[in-house]
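**Q** Top line first, the protein sequences correspond to chains R and U. The letter at position 74 of the first sequence is residue 308 when you use our numbering, and the numbering goes up by one with no holes. The letter at position 149 of the second sequence is residue 239 when you use our numbering, and the numbering goes up by one with no holes.
Careful, some of the hints might be misleading.
Here are the simulated BS3-like pairs of lysine-lysine, each with C-alpha atoms no more than 30 Å apart in a straight line [claimed, not checked]:
#1 K317(R) with K250(R)
#2 K171(U) with K239(U)
#3 K317(R) with K239(U)
#4 K317(R) with K334(R)
#5 K171(U) with K317(R)
#6 K334(R) with K250(R)
Note that these hints are calculated values from the structure, not bench results. Since the model is a prediction, treat every value here as computed from it, not as a measurement.
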Amino acid sequence: MNPDLFLQLDRVIHEKGRLAIMSALAAAPELSFTELRDLLNMTDGNLTTHIRTLQQEGFVCVAKSYQNNRPLTSCSLTAAGRKAFANYIGLLEQIVRQTKK
Amino acid sequence: METNWAVENLQTIRTLMERSALYRRALAPIMLFAGAIGVITAIIGRLSHMDQGRNFCGLWLAAAIIAIAGTFCIARRQALKANEVFWSPPTRRVAQALSPSLSAGLFLSVLLTAVPDNEEISVVTSLLWILFYGCAVHAAGFFMPRGIKLFGWIFIIGSCGLFSVFFLGWHHFELNPHWLMGFFFGVLHLAYGAYLYLTEKKNPAA
Numbered sequence: 235m236n237p238d239l240f241l242q243l244d245r246v247i248h249e250k251g252r253l254a255i256m257s258a259l260a261a262a263p264e265l266s267f268t269e270l271r272d273l274l275n276m277t278d279g280n281l282t283t284h285i286r287t288l289q290q291e292g293f294v295c296v297a298k299s300y301q302n303n304r305p306l307t308s309c310s311l312t313a314a315g316r317k318a319f320a321n322y323i324g325l326l327e328q329i330v331r332q333t334k335k
Numbered sequence: 091m092e093t094n095w096a097v098e099n100l101q102t103i104r105t106l107m108e109r110s111a112l113y114r115r116a117l118a119p120i121m122l123f124a125g126a127i128g129v130i131t132a133i134i135g136r137l138s139h140m141d142q143g144r145n146f147c148g149l150w151l152a153a154a155i156i157a158i159a160g161t162f163c164i165a166r167r168q169a170l171k172a173n174e175v176f177w178s179p180p181t182r183r184v185a186q187a188l189s190p191s192l193s194a195g196l197f198l199s200v201l202l203t204a205v206p207d208n209e210e211i212s213v214v215t216s217l218l219w220i221l222f223y224g225c226a227v228h229a230a231g232f233f234m235p236r237g238i239k240l241f242g243w244i245f246i247i248g249s250c251g252l253f254s255v256f257f258l259g260w261h262h263f264e265l266n267p268h269w270l271m272g273f274f275f276g277v278l279h280l281a282y283g284a285y286l287y288l289t290e291k292k293n294p295a296a
């Protein structure tokens with residue numbers, strides 16, 4: 235078992251809440267803040283904090299607009315975020331394969 | 091232990107991705123196709139005076155089969171073009187959400203064909219179809235873009251209003267079942283399709 239694989243896991247993504255956000259966004263072009271909050275069963279504050287961290291890393295893009303005269307915050311993965319998420323999944327799969335050998 | 095941790099993480103990721111995936115096939119061509127079938131069927135039904143129960147049900151069930159088959163073909167073509175699986179988790183969830191209301195509507199309409207033929211039964215059947223279709227579309231709206239729910243509500247409110255008008259005898263005009271079906275399943279679908287055609291994002295993902 236190669237311990238380097240664990241060290242290569244992205245620390246920003248490797249947190250339960252942020253991993254959940256990345257997973258949800260990886261399957262949809264964009265999700266509103268409310269959709270994400272309801273899907274992941276998170277509080278507004280918790281979700282905001284995690285999104286801010288992911289945004290600072292350049293993994294998530296946040297867009298603010300209006301729908302039916304109400305503010306709408308939408309989140310989506312950036313190209314860097316998609317790549318980082320794919321790398322993270324790839325590493326997890328490698329860990330599973332190596333341990334099974 | 092480490093494998094378990096990694097496997098569990100992968101499973102959680104997969105579940106979350108499946109849950110968050112919305113059905114985002116381009117609906118404009120589907121709506122336009124269904125609308126065109128609706129309008130054509132209404133015109134055929136009206137011109138051929140197929141207003142009595144069994145004829146009416148037979149004609150519209152045939153139209154529904156054509157519309158459903160066409161819808162599947164359009165969605166499958168979109169999936170092939172995008173190099174994606176057709177029977178994906180979002181597609182499955184939308185189909186599951188649609189099926190209870192559509193099955194109930196189909197069952198009741200088949201039951202109503204057993205009632206002696208008259209035009210009033212056709213009006214009741216058409217209003218039931220509109221109501222159940224609205225419920226089905228609204229249920230599917232939980233896994234689709236938000237506008238679909240509103241579209242479902244238009245059918246539900248429209249049918250409830252017309253049921254009231256019909257049963258309370260407030261109408262001083264003819265409630266023709268083909269025109270009702272033509273308006274709801276034809277004109278409304280065409281209008282929504284045209285709206286989506288102008289506003290839908292290009293290259294949607296599944």
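**Q** Hint compliance check: list the failing hint numbers for this structure, sorted ascending.
**A** 3
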